[in-house]
Amino acid sequence: MIKKKIESLNKNSKKELKSTQKHGRINQAFDMLLQPQFNKKSLIDPVNTLEDKWHLLPAFLKVKGLIKQHTDSFNYFVDVDLKKIVKANEKVISDVEPWFYLKYIDIQVGFPTRQDQDAINNSIAPHECRLRDLTYSAPIMVDIEYTRGKQVVRRKGVQIGRLPIMLRSNKCILFNKTETQIIRMNECPLDPGGYFIVKGTEKVILVQEQLSKNRIIVEAEPKKGLVQASVISSTHERKSKTYVLTKNAKIYLKHNSIAEDVPIVLIFKAMGFQSDQEILELIAGSDPNYQDMFAINIEECAKLKIYTQQQALEYLGARVKISRKNSELSQRRPPSEEALEVLAAIVLAHIPVENLNFRPKIIYFAIMTRRVLMAIKNPKMVDDRDYVGNKRLELAGQLLSLLFEDLFKTFNRNLKLNIDKVLKKPNRTQEFDAYNQISIHGDHITSGMIRAISTGNWSLKRFKMERAGVTHVLSRLSYISALGMMTRISSQFEKTRKISGPRALQPSQFGMLCPSDTPEGESCGLIKNLALMTHITTDNDEEPIEKLAFVLGTEDISLITGHELYAPGTYVIYLNGIILGITRFPTIFVSNFRKLRRKGQISEFISIHINHHYSSVHIASDGGRICRPLIIVENGKSKVTSQHLEALKAGKMTFDDFLKRGLVEYLDVNEENDSYISIYENKISESTTHLEIEPFTILGAVAGLIPYPHHNQSPRNTYQCAMGKQAIGAIAWNQLLRIDSLLYLMIYPQQPLVKTKTIDLIGYDKLPAGQNAIIAVMSFSGYDIEDALILNKASIDRGFGRCQVIRKYATTIKRYANGSYDRLEGPSRNEEGDVAWKYEALEEDGLAGVGEKIESGQIYINKQIPTNANDNTIATRIQQHELSWKASPMIYKSFEPGYIDKIMLTTTDSDQTLIKCLVRQTRRPELGDKFSSRHGQKGVCGLIVQQEDMPFDQNGITPDIIMNPHGFPSRMTVGKMIELLAGKAGVLSGTLQYGTAFGGSKIDDMSQILIENGYSYSGKDELTSGITGESLQAYIFFGPIYYQKLKHMVLDKMHARARGPRAILTRQPTEGRSRDGGLRLGEMERDCLIAYGASQLLLERLMLSSDAFKVDICEACGLIGYKGWCNRCKSTKDVVKLTIPYAAKLLFQELISMNIIPKLILHDEF
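In terms of the numbering used here, the sequence shown opens at residue 158 and continues consecutively.
If you are wondering where the hints come from, they were derived from the structure by calculation, not from laboratory data.
Among these hints, one or two may not hold up.
If you anchor each label on the Cβ, the simulated ranges turn out as follows [unchecked claim]: (1) 1051 / 1129: 40 to 46 Å; (2) 1168 / 943: 15 to 21 Å; (3) 417 / 667: 42 to 48 Å; (4) 967 / 332: 42 to 48 Å; (5) 833 / 619: 15 to 21 Å; (6) 1022 / 1054: 47 to 53 Å; (7) 237 / 209: 55 to 61 Å; (8) 1321 / 1208: 49 to 55 Å; (9) 332 / 1229: 57 to 63 Å.
Using N, Cα and C, we set each Cβ at its ideal position, and we do this for glycine too.
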């Protein structure tokens, strides 16, 4: 039977084959007619918009991206969050006088002002704050209404404190200014902004990564047989974590406010859901598998003899931990009421319970339990904590809003206490005015803000938040290091634990986080960086979305039974983790929702996606999701056409217009999972939903500098990301006006010959950090082993790699409480009137002259301090003639001589005179300085060769750098070779070539240019030896590559010492170059010497050169004596001299102090 079937099938298929072949011949003829090939394109191909669609990128970066997430978040905090916080704590009432109240009506933040008295111009620019060590902050003003006596008083613009202002936010002076206006304020137009200036230092609040709140996350540990679903509930009042977990096949609820794990059925009963039948149906539905798995829990509850709500509440009430702050006032309530309150307000706090309607919370618990059962049945149904969609990023705005809320509540509490204090006094002379109290306490908010930002410690008791290292000093090594710091994301994991999970590169990071830019070493993969076209959302209002969801056909959750909830085809709709209802037509619901979003009816940052595993629809409008823009594709065609791009180029359309017209939309990670995205336009198929704007935007700002990164081995790009931040270059356009503690400046920076589109977008070509060097890849002498480079002396003489190191030294001239003060004194002279050598740099005012050369040991600020500065015993002010001074000069300590670059005299906000002095050193490259190309190929200078000894080509060009060819094979940095080809072609054709990732100038075109100009297509040239004058035996790869000089210079590392300072306690040499320390022979070196048997060398290194010490030891009792006298034997008879390390003597004495007596038993040496 089966045989017959197969035969008939075969016959049919042969027939079909013949007919298709016949048709095929005819079709082919038609196809030939239909396909006039022109430039390999057919007539029906879409018009190619590939070339121009990257113009959406600069348009996007104008409104979002790179630094904008910091400023957006801060603007949201200042404009929206502040008002919400004040609204939540708007009234201050007094316990003493019932008629008194104080109400905040409105709050606003002004523009930054100076705090100096009698200032003519009140506004202040950030640059002045940097120079004068001030805080760039603006006043916080409130409008208040309060009672004074019998009448109600309103006051506007009452200052309650000052808020540090983020640069380039909408409260900053630089906001919306033109380039010329910014330059007039001595600020750099390319400076990213997004940081704060606190006490003169630039502080960044790094982006913090956290697990998302209010979402169920199911985890399983198969070894322990543990499955748990956890939710971090977060509301304005409290944060708490609720677990539903399994213990030996039974399910329990675990929460911090309940002393022990409680069976889950008991919780349902306590919430007033008493029937076992209903509980079973709500959790298991009509699925017998789940019913069997869950039945044991119902028995567990029955074993405890708990059947009614009252019994369950009493059981819970006995186990609830109650935090009674005001226990004296309120009478003790019965435990069942306590339990009810805990269930309503603390467990799963993010789900509201109105009028004790527990229904939404019951269903939420049921779904959590159901998810646990699903994970037990199918272990694959667990969530991934490291998935980017389960993460939220906390920005400056959110952190500041938590901080401000904490400070504002404390401020109000103190205000209330003080008002109560005043109102308690029965006989007051004048009418009580609360306004005076506010002005007294104005400083708490200001100092709290400044302290948190300058130390980086966010310790908020209210939210149980203890976090250190939130802020960092903005690294100003180069323009790129500052930019890279602004896009950095720090994770909450400990660096010490060797866990690979969070460090791994997640597929969901595509387009959101840069795959290359992460440090190597202990924090590898825990510190990430944002990609180029990303934006981090801020919170959106939930109410309108909720209404919209019901309009689009959601059924309210309170009316649903378990049977309906788990019916096939029913999808639960969540809004930010709270259940709204169910729908039976999820795809229609979602597509309608998206249509409204593309029309601009709701915010473009709200995302919606379907999760088919859990049959649920998730709508997210919370802040901290990473999203990125993509072009919408419908019916296999991109909605962005060339007309739109022409309008964009002409400046008729902006990026927002593309959003409003529904051509481009933002997708977050979860919704991206719900889409089918094409990377290139010619790969679009029928089912494609979106199109990438540009593929190179998966890289971040720092990795974007690398030319041809897609031709390199991946770790090399990661190395370059770390080194690009250490390259010396131009920092900002105002770099010569800045007074930073350490500035590295390159003297002749050049923009790279081989650029990328990222370089144009971030303005790296305007503030570059490197120089184009001619490279020859060949072996030259033996000084280029292990990546060492050979430099051409003539290139160095012409300024290759020359840089300036500028250091700041500062001091203050103080006035003391008793009337004495510091002063500056001119150089002291001898009898002949000559100035001593160490005062040579000084002028008559006691400060070094600008432009003077200063050497180690010379004085540059001759400050003197009063001898009795802290002497407050004298009641009257000290008379002028009683003052006496002692010298406290500032002495230059560096090994290399420097030049005084600038001296600045100013006052700080506390009216002390501040003197800052800049010392400049100009350095040329020397042996041991570190260089690197843009491909992670780092090397130190191994030899500097005279130009006449260098090889040269037919045109007499000598290379600037000779690089050893062994750097290529094992490292596979092919991008570096292509960069050389493209750079050479660019030089010959007089154009800048592009090496953008996944694109860039093609090798064939580059080789063509080389051939047209009479060079070899491979970039190799015939070189002549400069030493022998003969042609070299091989053709040499020869051309320009962009090289960076890194900040590691041998001058700053070099260290040696003979005798020098010692530590006081152990009398051993100090450690560290800065303290002129010794060179330690460590444990491992000691082991080597022992293995050699070099005992005398060991003795010398470990004792004689370190801390040899002569002691007197009594042979009779073995204790240490003193000056030939043994104190225990009371004699000098047996005392002998001995040399031991001082540390050993110290150990013996410390042991004696603890009642342990070490005795030295001595033998003769020979």
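Now the hints, each set against the structure:
As the Cβ distance of residue 1051 to residue 1129 is approximately 42 Å, the hint placing it in 40 to 46 Å holds. The beta-carbon spacing between residue 1168 and residue 943, approximately 36 Å, falls outside the hinted interval of 15 to 21 Å. Between residue 417 and residue 667 the beta carbon distance is about 44 Å. The supplied range of 42 to 48 Å therefore holds. Between residue 967 and residue 332 the C-beta distance comes to about 30 Å, which lies outside the given range of 42 to 48 Å.
Evaluation of the 15 to 21 Å hint for residue 833 and residue 619 yields a failure: the beta carbon distance comes to about 46 Å. Separated by about 27 Å at the C-beta atoms, residue 1022 and residue 1054 break the suggested range of 47 to 53 Å. The beta-carbon spacing between residue 237 and residue 209, approximately 37 Å, falls outside the hinted interval of 55 to 61 Å. Judged by the Cβ atoms, the range 49 to 55 Å given for residue 1321 and residue 1208 holds: they are separated by roughly 52 Å.
Taking 57 to 63 Å as the suggested C-beta distance range, the pair residue 332 and residue 1229 does not conform, at roughly 45 Å.
Hint check: violations occur at hints 2, 4, 5, 6, 7 and 9; the rest are consistent with the structure.
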